[in-house]
Structure formats: structure tokens, C-alpha cells
Amino acid sequence: MMTAEAITNAGVLDLAEMSVRDANATLQAATEGAFTLRNPGGRHALACGLMHPVSVTVEGHAGYYCGGMNKEAEITIRGNAGTGVAENIMSGIVRVTGDASQSAGATGHGGLVVIEGNASARCGISMKGVDIVVGGNVGHMSAFMAQAGNLVVLGDAGEDLGDSIYEARLFVRGSVKRLGTDCIEKEMRPEHVAIVAGLLDRAGLFADPSEFRRYGSARRLYNFKIDNVGSY
Amino acid sequence: MTEQPRIPRTVPVKSATFDDYTLSEIRRAAATGLYDIRGGGAKRHLPHFDDLLFLGASMSRYPLEGYREKCGTEVVIGARNAKNPITLRTPITIAGMSFGSLSAQAKEALGRGANAAGTSTTTGDGGMTPEERESSNTLVYQLLPSRYGMNPDHLRMADAIEVVVGQGAKPGGGGMLLGQKITERVAEMRTLPQGIDQRSACRHPDWTGPDDLEIKIQELREITGWRVPIYIKVGASRPYYDVALAVKAGADAVVLDGMQGGTAATQHVFIEHVGIPTLAAIRPAVQALKDLDMHRKVQLIVSGGIRNGADVAKALALGADAVSIGTAALVALGDNDPALEAEYQKLGTTAGAYDDWHEGNDPAGITTQDPRLAARLDPVAAGRRLANYLNVMTLELQTIARACGKSHVLNLEPEDLVALTVESAAMAGVPLAGTNWIPGQG
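First to last, the protein sequences are chains A and B. The opening residue of the first sequence carries number 1 in the numbering used here; numbering runs sequentially from there. The opening residue of the second sequence carries number 1 in the numbering used here; numbering runs sequentially from there.
Derived from the structure by calculation, the hints contain no laboratory data. Being a predicted model, the structure only gives us computed values, none of them experimental. Worth double-checking, as some hints may not be accurate.
A few chain A residues facing chain B, derived, Cβ under 7 Å [as the list claims (entries may be wrong)]: (1) Asn24; (2) Cys48; (3) Lys128.
Each residue gets a CB set at the ideal place from its N, CA and C atoms; glycine is no exception.
Please put together the full structure from these sequences, using the hints given.
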């Protein structure tokens with residue numbers, strides 16, 4: 001039986017042989033090194049709460065909240081990720097090579113989340129400074145109440161993109177089915193092209209930054225006005 | 001010329017439906033086009049703990065000596081799953097109130113008072129401040145839909161985590177902090193522009209039901225090493241099902257907040273017309289715990305209108321393990337003090353009625369972010385007042401428990417209670433005084 005004590009700063013953690021608790025305890029205690037999580041089997045809360053610059057590769061599909069509240073670690077999920085991947089990420093990188101379920105990168109404060117495939121509904125909901133790059137499409141209500149950070153979508157966006165958005169920046173290359181309340185298209189200036197180029201580079205995804213359109217807050221709902229009652 | 005006989009007139013009658021308050025609210029709404037926002041909880045008359053009485057000892061019950069025989073008040077919260085459950089010297093805790101809604105001085109005073117009395121304080125919508133952590137020996141960290149300021153370091157610094165699903169003043173509603181109180185520091189903690197109205201989400205961003213919440217709690221436990229208790233706070237609306245689902249989701253404790261529970265700022269119509277009274281919520285909540293064989297294993301913390309030791313005793317007798325106070329704690333600090341009447345008059349209100357906490361003009365320096373006003377509150381003196389108040393309530397609680405023959409306050413039971421009204425008897429599930437009749441039970 002594999003135990004947390006047997007592994008220090010590198011190694012293979014096989015979830016067919018050890019509990020999620022032991023695996024997470026090992027990863028949370030490690031200050032450096034590279035780890036592989038084998039047989040994730042869609043288990044929840046894998047590699048969450050990491051605090052140091054370790055590298056973790058999840059070999060397969062992960063359940064809910066993989067990489068949640070990550071700080072400094074670089075986590076790669078070689079497969080699909082369930083709800084809330086990298087939720088409330090503070091720093092570091094969480095990458096999903098497949099698709100992500102709803103609420104990817106939710107409330108993230110910093111760091112980078114890369115979804116190479118599609119992300120479902122509410123991607124980047126209430127984001128607070130995280131950068132999210134999605135290789136495919138994002139579902140409805142993505143960037144709902146998004147406060148800060150950048151969401152870059154290489155594909156299309158679903159209904160109500162950026163509903164009730166604050167100061168986050170949204171960049172979409174494809175179509176937007178419908179913008180949410182108080183979200184408008186804005187001019188794509190050179191500095192924005194540079195932001196997209198930099199994020200694509202960090203994400204390792206390829207697209208022409210000039211093909212993206214920018215969306216953000218109209219700031220009409222920042223202070224309550226009765227004339228906006230139809231928007232509430 | 002003959003004098004006309006004087007015809008007697010009836011006195012003018014004002015409508016009970018369209019009373020003075022209602023008329024003034026219609027005029028205010030017509031003039032402004034805005035709904036009325038205020039702080040505090042439901043102000044209307046509701047069935048409450050005053051409608052219950054303790055029976056006390058008698059021929060068939062044996063009391064304890066008032067000042068000699070021990071009556072325990074210690075409670076342990078969170079032993080179901082947490083490695084480090086919380087032990088409190090008194091079952092009266094301080095409810096969640098944010099830095100932002102309250103001044104830093106008020107938050108410090110709450111911590112000081114709670115420490116002295118041996119109980120816990122709770123953060124609020126806006127994250128944990130260093131001063132708050134420093135001034136509170138036992139601090140409960142709230143996980144709210146907004147996730148303002150949420151970070152794993154604070155999560156690990158907390159002594160317990162409270163997942164806030166709802167609040168008694170506004171079940172189904174999100175938080176609200178208007179622009180006047182979004183100062184530079186508050187804005188920074190919440191990652192929001194300064195001076196804008198901040199309307200928090202009412203739904204959590206990454207889970208949508210009890211099945212998801214069970215997994216969310218697993219994540220929180222993984223991040224904190226299964227060390228600290230996890231509470232779930234619900235506004236009182238469907239307490240039987242909400243408590244059962246909270247237990248199913250893995251809660252170590254359930255916080256049940258009735259409609260008298262205060263809020264920093266919410267629409268008046270929401271506060272007064274959504275949710276149920278605290279008294280009506282306890283019995284079904286306790287029944288849910290009993291049906292699941294979880295009573296006293298998952299602790300029930302009741303809040304909303306707790307004012308004195310008798311209220312605490314009645315809540316415990318109905319099956320709660322602890323209570324939480326918010327509004328009463330603010331009053332102990334100095335809120336609505338008649339000594340400030342002249343200043344309340346300038347604000348168009350009067351001491352005892354001041355509830356425009358969202359406007360940030362609190363002359364007591366409590367519900368404000370104005371440095372000039374906040375500096376009026378001495379955290380040491382205010383903390384001392386809160387400690388005194390908590391100690392008095394604990395003594396009152398013990399007094400009643402001893403009179404009922406209980407050597408620990410958690411030994412109080414429904415059998416110790418009767419009700420003064422049919423309504424309260426039905427809600428609390430105790431007999432109408434002088435009868436053995438419990439409405440709804442035959």
C-alpha cells in the first residue's frame with residue numbers, strides 16, 4: 001500500500017492504491033518536484049489547496065474542483081475536468097487537455113487556467129483576476145459577475161456572456177450568441193491585441209490575436225438608477 | 001335667529017390597512033422611484049420566545065441551588081467530522097458580520113468581547129481582515145456566494161468554516177453594500193471599483209444543490225486537512241428539508257437564521273415578507289436532526305432575535321445546541337444609543353429605530369467606513385460592554401436552567417416549556433399553558 005509518508009518531492013501517486021486524502025496530503029506538503037496522479041477515475045477534489053511550485057500531472061479524467069484554490073503549483077489534467085476546475089485559483093497554472101464542465105476557474109483571483117477543449121456554462125463566473133484561455137467554446141452565463149482578469153475564448157460563447165460584468169476583459173474569436181446585461185462590445189485597441197497575444201503564448205494555443213473581439217462592462221449598473229429598472 | 005343644532009361628528013379614522021407608515025412609504029416610493037433599503041431584521045410583531053414560558057421546578061421536579069450547584073454552559077461544536085472541534089464556554093456566539101458593513105473598530109470590539117466570554121466570532125461577506133483574526137481567539141470564516149477575499153490561507157487560518165446558503169433576513173437573496181461604504185480598502189478586499197454599489201450573488205458560483213455541496217465540502221476539508229468544523233448556514237424558510245439536506249451534505253453544524261435576524265442592507269419588503277420567524281423554525285429543524293439520528297451530533301445554532309438569557313434558554317430547550325447574536329451584539333457595542341439622539345434626529349430618525357446602516361453615517365461608529373465616525377468607537381470599551389452582556393445572558397441562562405433542575409444548559413428540554421398563545425404552541429410544539437394541548441398533535 002502506497003502511503004503519504006513514502007513519497008516526498010516526486011513520484012507517482014496511484015489512486016487505485018491510495019486515498020484522495022493521502023494523495024492530497026502528499027501534494028500539499030511537497031515544496032517542489034513533479035508528481036503524477038494515476039487512476040484519477042473522476043475522483044473529486046484532486047490536487048486542491050496546493051501551496052508550492054510543484055508540478056502535478058493527472059493522468060485521466062478528474063471530478064469536481066480539481067486544482068481548487070491552487071497557489072503556485074502547475075497542474076495538468078490529461079483528460080476532462082468536472083465542475084469547478086481551478087475554482088478560486090490564486091496563482092500557478094491549471095491546464096485541462098480535454099473539456100471542462102461548468103464553473104471552470106470560478107472566482108479565481110490570479111494565475112492561469114487553460115482549457116484546451118470546450119468549457120461549459122459559467123466559465124469564469126465571478127472571476128477576480130485570473131486569466132482563463134479556452135481553446136474551444138464556452139457555455140452560457142460565462143463571466144457572470146466577472147470582476148477582474150481576462151477570459152480568452154478561441155471558439156464561440158453561449159448566451160448571456162458577461163452578464164452583470166464588472167471590470168474583467170472578455171475576448172472572443174468566434175460568435176457570441178447573446179451578451180448579458182450591461183456587457184457590451186468594446187474597441188479592440190493595440191494594447192488589447194497584445195494582452196491576447198501574451199495569454200495565447202502563455203497558454204500554448206495558437207490563433208491570430210487580431211481576430212478577437214473585446215467585450216466588457218458598460219458600467220451602467222454600477223450605481224442603482226431607477227431609469228435602468230428594466231435591466232435588474 | 002335660532003342656532004342650528006350642532007351635529008355630532010365621528011372622529012377621523014385612519015385605515016388599519018393604509019396606516020401612517022404605509023402611506024409614508026407610498027409617498028416616498030412615488031417621489032424617489034427607489035425601493036426602501038435598510039439594515040436589521042424583521043420589525044413587525046411576530047410569534048417569538050416571549051410567547052413561551054418555563055415551568056420551573058415543582059413537586060415533581062427538583063431545582064439546583066442558584067449559586068452553589070454547577071450548571072454547565074460549555075458546548076462542543078463540530079465533532080462529527082472535524083479533527084479539531086470548537087469548544088465554547090458559553091453557547092452564545094457572534095453571528096457573521098463583514099468588515100465593510102462594520103467598521104474595523106467594531107470588528108475588533110466583537111472579537112474582544114467574544115474572547116472575554118469564551119465564544120466565537122464570524123467573518124462576513126468581504127473576507128477576513130488581519131485585525132479580525134488577531135482579535136478573535138475563535139473565528140468562523142464564511143464561504144459566501146460572492147467569495148470576496150476568499151483565499152486558501154484564510155481558510156486554513158480559520159477555526160471553522162461556515163458555508164452560507166442563506167440568511168434569515170433574506171432567504172434567497174444576496175448581499176448588498178452600497179457605494180457609500182465601498183472605500184479603498186473595502187474595494188481592494190472585494191476586487192471591486194471604489195464607490196460602486198455592490199450586489200453580491202445569491203447563488204454559489206460552483207455548486208447548485210445538496211449533492212454538489214457535499215462535494216464542495218469535501219474539497220474544503222481536503223484543503224484544510226479535515227481539521228476544522230464546517231457549518232452550513234440557512235435562512236429559515238423550509239427548515240425541516242434544509243437541515244436534513246445540510247446533514248446529508250456533510251455539515252458538522254447547521255446555523256438556522258430566522259427572519260428577525262439582521263442584515264447590513266436589504267430591501268425592506270424582503271426583510272418583512274420572506275422567511276419565517278425563528279420560533280417557527282426550530283421545531284422542524286430539530287425534528288429533521290432527530291429523524292436522521294443526528295440531534296446533538298450535528299449541532300444546531302439558532303439565530304434571529306436573541307436578546308437575553310431567557311431567549312437562549314428557550315432556544316436550547318427546543319433543541320438548539322447554541323445561539324448566535326448579531327443585532328443585540330451591535331446594541332451592546334453602542335448601536336442606537338439614546339445618548340446619540342441629537343445625531344439620530346439629524347439623520348431623520350430616532351434612537352432605537354436607526355436602521356440606515358447601509359448609508360455609512362452611523363453616529364456610533366459601528367456600521368460605517370467613515371474614519372471620523374469609526375474613530376468614535378473605542379474597541380476596548382465596546383468589547384468590554386459586549387463581554388458584560390454575554391456574561392449576563394449566560395448567567396440568566398444558567399438561572400433558568402437551574403430553576404428547571406438542569407446541571408447543564410443543554411439538558412433543558414421542550415417538557416420545561418409551555419406556550420402563551422395557540423400560535424406559539426403550534427409553532428414550538430409545546431402545550432398551551434394550563435393545558436396538555438399541542439395544536440396539531442391531537
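Checked hints:
This hint holds: Asn24 (chain A) has a C-beta 5 Å from the nearest C-beta of chain B, less than the 7 Å allowed. The criterion of a C-beta within 7 Å of any C-beta in chain B is met by Cys48 (chain A), whose closest approach is roughly 5 Å, and the hint holds. At a threshold of 7 Å, the smallest CB-CB gap from Lys128 (chain A) to chain B is about 4 Å, leaving the interface hint in force.
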